[in-house]
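What follows is each chain in one-letter form.
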Amino acid sequence: MKIKKTTNFKLLTPTVIAMVFVLNSCTQDITIDIPNPESKIVVEGSIEQGLPPIISLTSTVPFYGEVNFNELDNYYVHGAIVTVSDGINTVDLSEFCLADLPDEIIPLVAAFLGVDLDTTGTIPLNICLYTVPDIFTGFPAFTGEEGKTYDLNIQFDGKTITSSTTIFPPVPPDSVYYREHDDPENDSLFRLYLTLTDPAEPGDFYRYFTKRNSEAYYSGFSSVFDDNLINGQSFDFTVDRGFNPTEDFEQLPYGYFLAGDTVILKWCTIDYPSYDFWRTLEFDSGTDGPFSSATIVQTNITGGLGIWCGYGVSYDTLYMPE
Amino acid sequence: MLIISIPIFSQSKYTLSGYVKDAETGEDLIGAYVYLKNEVATGTVTNIYGFFSLTLLEGNYEIVSSYIGYETQNKSILLNADVRLNISLKLGQELEEVVIKGEREDANVQSTDMGRVELNIEQIKTIPVLFGEVDILKAIQLLPGVGGAGEGNTGFYVRGGGPDQNLILLDEAVVYNTGHLFGFFSVFNSDAIKNVTLIKGGMPAQYGGRLSSVVDVQMKEGNNQQYQAEGGIGLIASRLTVQGPIVKDKSSFIVSGRRTYIDAILAPFLKGGEFEGNGYYFYDLNTKVNYKFDDNNRLFASGYFGQDVFNYKAPDNTLNVSVPWGNATGTLRWNHLFNDKLFMNVSAIYNSFDFAVESAFQVFNFNLYSGIQDWNGKIDLDYYPGSNHNIKFGGNYIYHTFIPYSASGNFDDVDFSTDTLSRKYAHEAGIYIQDEFDITDLIKINIGIRGSYFQQIGPYNDIIYDESNQQVIDTVYYEKGTPIADYFGLEPRINARIIVDNNSSIKAGVTFNNQYIHLVSSSTSTLPTDLWIPSSKKVKPQIGIQYSLGYFRNFYSNKYETSIEVYYKDLKNQIEFADGYVPELGIDIEENFVFGRGRSYGAEFFIKKAKGQFNGWIGYTLSKTERQFDDLQTVETWFPTKYDRIHDLEIVAIYKLNDRWDFASTFVYATGQATTIVESFYVIGGQLQTDYGPRNGYRLPAYHRLDLSATLHNKPEKKYESSWNFSIYNVYSRKNPYFIYTTWEGDFAYGSVDVQAKQVSIFPIIPSITWNFKFSK
Numbered sequence: 004m005k006i007k008k009t010t011n012f013k014l015l016t017p018t019v020i021a022m023v024f025v026l027n028s029c030t031q032d033i034t035i036d037i038p039n040p041e042s043k044i045v046v047e048g049s050i051e052q053g054l055p056p057i058i059s060l061t062s063t064v065p066f067y068g069e070v071n072f073n074e075l076d077n078y079y080v081h082g083a084i085v086t087v088s089d090g091i092n093t094v095d096l097s098e099f100c101l102a103d104l105p106d107e108i109i110p111l112v113a114a115f116l117g118v119d120l121d122t123t124g125t126i127p128l129n130i131c132l133y134t135v136p137d138i139f140t141g142f143p144a145f146t147g148e149e150g151k152t153y154d155l156n157i158q159f160d161g162k163t164i165t166s167s168t169t170i171f172p173p174v175p176p177d178s179v180y181y182r183e184h185d186d187p188e189n190d191s192l193f194r195l196y197l198t199l200t201d202p203a204e205p206g207d208f209y210r211y212f213t214k215r216n217s218e219a220y221y222s223g224f225s226s227v228f229d230d231n232l233i234n235g236q237s238f239d240f241t242v243d244r245g246f247n248p249t250e251d252f253e254q255l256p257y258g259y260f261l262a263g264d265t266v267i268l269k270w271c272t273i274d275y276p277s278y279d280f281w282r283t284l285e286f287d288s289g290t291d292g293p294f295s296s297a298t299i300v301q302t303n304i305t306g307g308l309g310i311w312c313g314y315g316v317s318y319d320t321l322y323m324p325e
Numbered sequence: 002m003l004i005i006s007i008p009i010f011s012q013s014k015y016t017l018s019g020y021v022k023d024a025e026t027g028e029d030l031i032g033a034y035v036y037l038k039n040e041v042a043t044g045t046v047t048n049i050y051g052f053f054s055l056t057l058l059e060g061n062y063e064i065v066s067s068y069i070g071y072e073t074q075n076k077s078i079l080l081n082a083d084v085r086l087n088i089s090l091k092l093g094q095e096l097e098e099v100v101i102k103g104e105r106e107d108a109n110v111q112s113t114d115m116g117r118v119e120l121n122i123e124q125i126k127t128i129p130v131l132f133g134e135v136d137i138l139k140a141i142q143l144l145p146g147v148g149g150a151g152e153g154n155t156g157f158y159v160r161g162g163g164p165d166q167n168l169i170l171l172d173e174a175v176v177y178n179t180g181h182l183f184g185f186f187s188v189f190n191s192d193a194i195k196n197v198t199l200i201k202g203g204m205p206a207q208y209g210g211r212l213s214s215v216v217d218v219q220m221k222e223g224n225n226q227q228y229q230a231e232g233g234i235g236l237i238a239s240r241l242t243v244q245g246p247i248v249k250d251k252s253s254f255i256v257s258g259r260r261t262y263i264d265a266i267l268a269p270f271l272k273g274g275e276f277e278g279n280g281y282y283f284y285d286l287n288t289k290v291n292y293k294f295d296d297n298n299r300l301f302a303s304g305y306f307g308q309d310v311f312n313y314k315a316p317d318n319t320l321n322v323s324v325p326w327g328n329a330t331g332t333l334r335w336n337h338l339f340n341d342k343l344f345m346n347v348s349a350i351y352n353s354f355d356f357a358v359e360s361a362f363q364v365f366n367f368n369l370y371s372g373i374q375d376w377n378g379k380i381d382l383d384y385y386p387g388s389n390h391n392i393k394f395g396g397n398y399i400y401h402t403f404i405p406y407s408a409s410g411n412f413d414d415v416d417f418s419t420d421t422l423s424r425k426y427a428h429e430a431g432i433y434i435q436d437e438f439d440i441t442d443l444i445k446i447n448i449g450i451r452g453s454y455f456q457q458i459g460p461y462n463d464i465i466y467d468e469s470n471q472q473v474i475d476t477v478y479y480e481k482g483t484p485i486a487d488y489f490g491l492e493p494r495i496n497a498r499i500i501v502d503n504n505s506s507i508k509a510g511v512t513f514n515n516q517y518i519h520l521v522s523s524s525t526s527t528l529p530t531d532l533w534i535p536s537s538k539k540v541k542p543q544i545g546i547q548y549s550l551g552y553f554r555n556f557y558s559n560k561y562e563t564s565i566e567v568y569y570k571d572l573k574n575q576i577e578f579a580d581g582y583v584p585e586l587g588i589d590i591e592e593n594f595v596f597g598r599g600r601s602y603g604a605e606f607f608i609k610k611a612k613g614q615f616n617g618w619i620g621y622t623l624s625k626t627e628r629q630f631d632d633l634q635t636v637e638t639w640f641p642t643k644y645d646r647i648h649d650l651e652i653v654a655i656y657k658l659n660d661r662w663d664f665a666s667t668f669v670y671a672t673g674q675a676t677t678i679v680e681s682f683y684v685i686g687g688q689l690q691t692d693y694g695p696r697n698g699y700r701l702p703a704y705h706r707l708d709l710s711a712t713l714h715n716k717p718e719k720k721y722e723s724s725w726n727f728s729i730y731n732v733y734s735r736k737n738p739y740f741i742y743t744t745w746e747g748d749f750a751y752g753s754v755d756v757q758a759k760q761v762s763i764f765p766i767i768p769s770i771t772w773n774f775k776f777s778k
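Chains as they are written, first to last, in the working numbering: chain R, 4 to 325; chain W, 2 to 778.
Just chain R, same shape as in the assembly (with noise of 0.2 Å):
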């Protein structure tokens, strides 16, 4: 997988003029020299309506200085008790790694997963996530509700760390369609609009995913969206292509599906604490320089880093004309 650092369109203006001020400056590297920073917990987790929880837990890594991950082995951390409560009935989660899998499942995960097994059906890299351990029975007996609040438990190395999130009702969109590209020239591009009906309580937060064809889902630059303007209301808008991080990033076919392309929606509902983390997570990849501020990711993981998000989940396909 190939990680690059990507553009954020929200910050357009001030990053115009912070290139564009550069003016007879003279750019050199520098050493930073801090010492190693404490090594934190980043957790990764969603529940769903339906689905197991499904965690990945990791580590932080120093930034300065060449950095590989294959050589980290402490990059995923293993080993941790993990468990998951809904209030009444707690599970206890078993950690699976990609690698020491069953060699018939392999394909299914990594296609549910969004990893590219290159020809000979091996994995680039493995990959170990934390989840019920009656998961590939097919039918586990601990999946999320609508309506519950699971409070996420990880013992580690002597530290605990917590979370909580709850599944709100999903707020299916009143319909699904596509729009053509406004140049003519490029008609084989088509973007996805959504109508939605907003709840009349304020104080509801949507995520969102997009699946193409075979490719797992994705979701795009921005991702979430609070109901402070649309309160109440029929509103209607697009929503960018989910972006597969493994690809390389293109401006113009950014954000746009294929002609003949399946598209499915994943449109869910989440928690404020859960809106507020994408939303600066978002931000922050953005931007670096003097004319930014160090946006301080809003985690609602307590000890650690990162997100345990529950979301209240409706899909819709369409298909993208030929």
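You can take every hint at face value.
Label-pair restraints from in silico Cβ distances:
no., chain 1, residue 1, chain 2, residue 2, range
1, W, Gln634, R, Thr86, 21 to 29 Å
2, W, Asp467, R, Ile267, 32 to 40 Å
3, R, Thr86, W, Asp631, 26 to 34 Å
4, W, Asn366, R, Pro324, 29 to 37 Å
5, W, Ser734, R, Leu232, 47 to 55 Å
6, R, Gln31, W, Lys778, 47 to 55 Å
7, W, Asn321, R, Asp186, 16 to 24 Å
8, R, Thr86, W, Lys539, 40 to 48 Å
9, R, Pro324, W, Lys481, 48 to 56 Å
10, R, Glu253, W, Trp639, 42 to 50 Å
11, W, Tyr552, R, Gln31, 43 to 51 Å
12, R, Leu232, W, Phe306, 38 to 46 Å
13, R, Glu253, W, Gln634, 31 to 39 Å
14, R, Arg182, W, Asn321, 26 to 34 Å
Read the hints as simulated data drawn from the structure, not as lab findings.
Note that this is a predicted model, so its numbers are computed, not measured.
Note that the Cβ used here is the ideal one computed from N, Cα and C, for glycine as well.
Following the hints, put chain W in place on chain R, whose structure we already have.
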């Protein structure tokens, strides 16, 4: 028994008053000393209009008048009635007696003004600066306790206070943005300036509205004796000042302009390169006219207009940006003498600062506008009742209009704009009274109190958010003039000077200050995009209490002046952006603030050689400025502010070889700026994310720089003076950091991620030549 009462002959008191002026130009001299020979303690200083008043017992006196750079004058007076005495001082012969500071030789020891520095423009002109341009604000930063904001930043920090805590006045009008091109040049064209006063501690009650300092800049009135044209032609900018009498002795004018042409000069060099299409220019225009109706009434009208324009046009026309910003001020003043003891000035002032961005990028058009406008009325009275009391009282009222980011534009086919309902309006008012007098022979005290008031009024659309999830609960619309929030402050100011012996004194002071308007900047540098905002329901006024103590001593008959000053500032209601701040248009920026307390303390050491062919000074400040905010992730921990400069050192040396050559050099050193940097990587959603270290937990490399200059004067002729100034800025080409950023690229799966930190600097070594001239008719 008859009691016969014998009438005792009692002595009457009479008042000696008048103006002290420059003999050649008729300019009023500010802060000139008028005192009794041999009785130096019985004396006074001229106010900002050059007026003085001394009430003495009937008798014969020898009156001495002195002022920096001028020949001291003696006059015998028989005081048996009220006398109006106007004194004209001649410019002194500079060589032996060059005095950099201290109108009266031991003024630094004698006056109560601790933390007050008067800077005469002629002395500032000898200090080398960038591009040969004389710069008042850069000169101020060469004094201890005053730190620059760093390479490319407008604004300066006084005793650890932010740039918005300095009250900067030009002929009584507030100047909001003091720098061209991010502070490389200040907006003050020194040819039009007469005097600069810096007050960094012990702020007297007549000033209010800012916590840390006052920089009071007075423009020249204009030579009312003869016409004069002066200016300079330099590599980067040129300036021209024309002044002269409209009616000799009664009325005069001064017009002063300055412009760069760096854009025209660089354009051919940039063509075809990566910076092609950049253009930048600035200009300043100062104008002033005055009219003296009679001995008791004078009218002044002055105006300042300045603007920076940055524009960029990409060679393939995909991007077009124009960024104009600037100040405009206008002041109308009326001096009125009620009698010999009561002087009044009434001023009407308008000032504004505007900033705009107009840009077009492919299908994206974007216009951003912000600014602040004030209408201001002031009355200031100086009352000299005698017995060495010097009383000042008066009032000040300002009507503010704040324009936060107003934006409009379109992206593809989506239009957007923010409401004008985001504008804010407020009343700000202050009244004060202060008195300076001797309690005993040794103790002089300046005691005052200022009452201040601030009220935010409508029209305003207040959007009320649920604190727990930032969602809109309600909107309340306030009609025009309706009060929204108000604040009241009582600000006592006390300063005392205790004479220890003939050459030394101790000064102490406590001052309370309220500040009702605030400059917020979310970035690590100061930019014209920084926003002035009022206090409101959510934003409380900043409150500061400053305690200062100093020991002042002169050596070798006032040849050396030394001082040690210590201070402690307690600050409340300081503003920072919340940790998770994301800039968003259309939302009132104050929703993103968190509030906390600050403190700043330090010691300033100063030694100056005030006389002789070779003179100069060394200033060193050791200080700390920090804040504590419950609502940031730092919680209980005190963290340094970005204004914190632990060490600050300035060395200024000036050598006057002879009539024709003088040389100067400055060296500055300051601890690097505190900034927040990335500490770790982590992965979310298959993408690398960054985690920051503690707020302001990393220090950029230290800032230091050496400048040299040499000036060659022509043989002075009666009507014509000229000089060539050669200067080198940043002699050893130190790459002082402007900002640092990081780049990273790599292959997460197969290999490594390579991170590189980079530093951007702006000014390497820059030599420059300026030709200065002065014609008189």
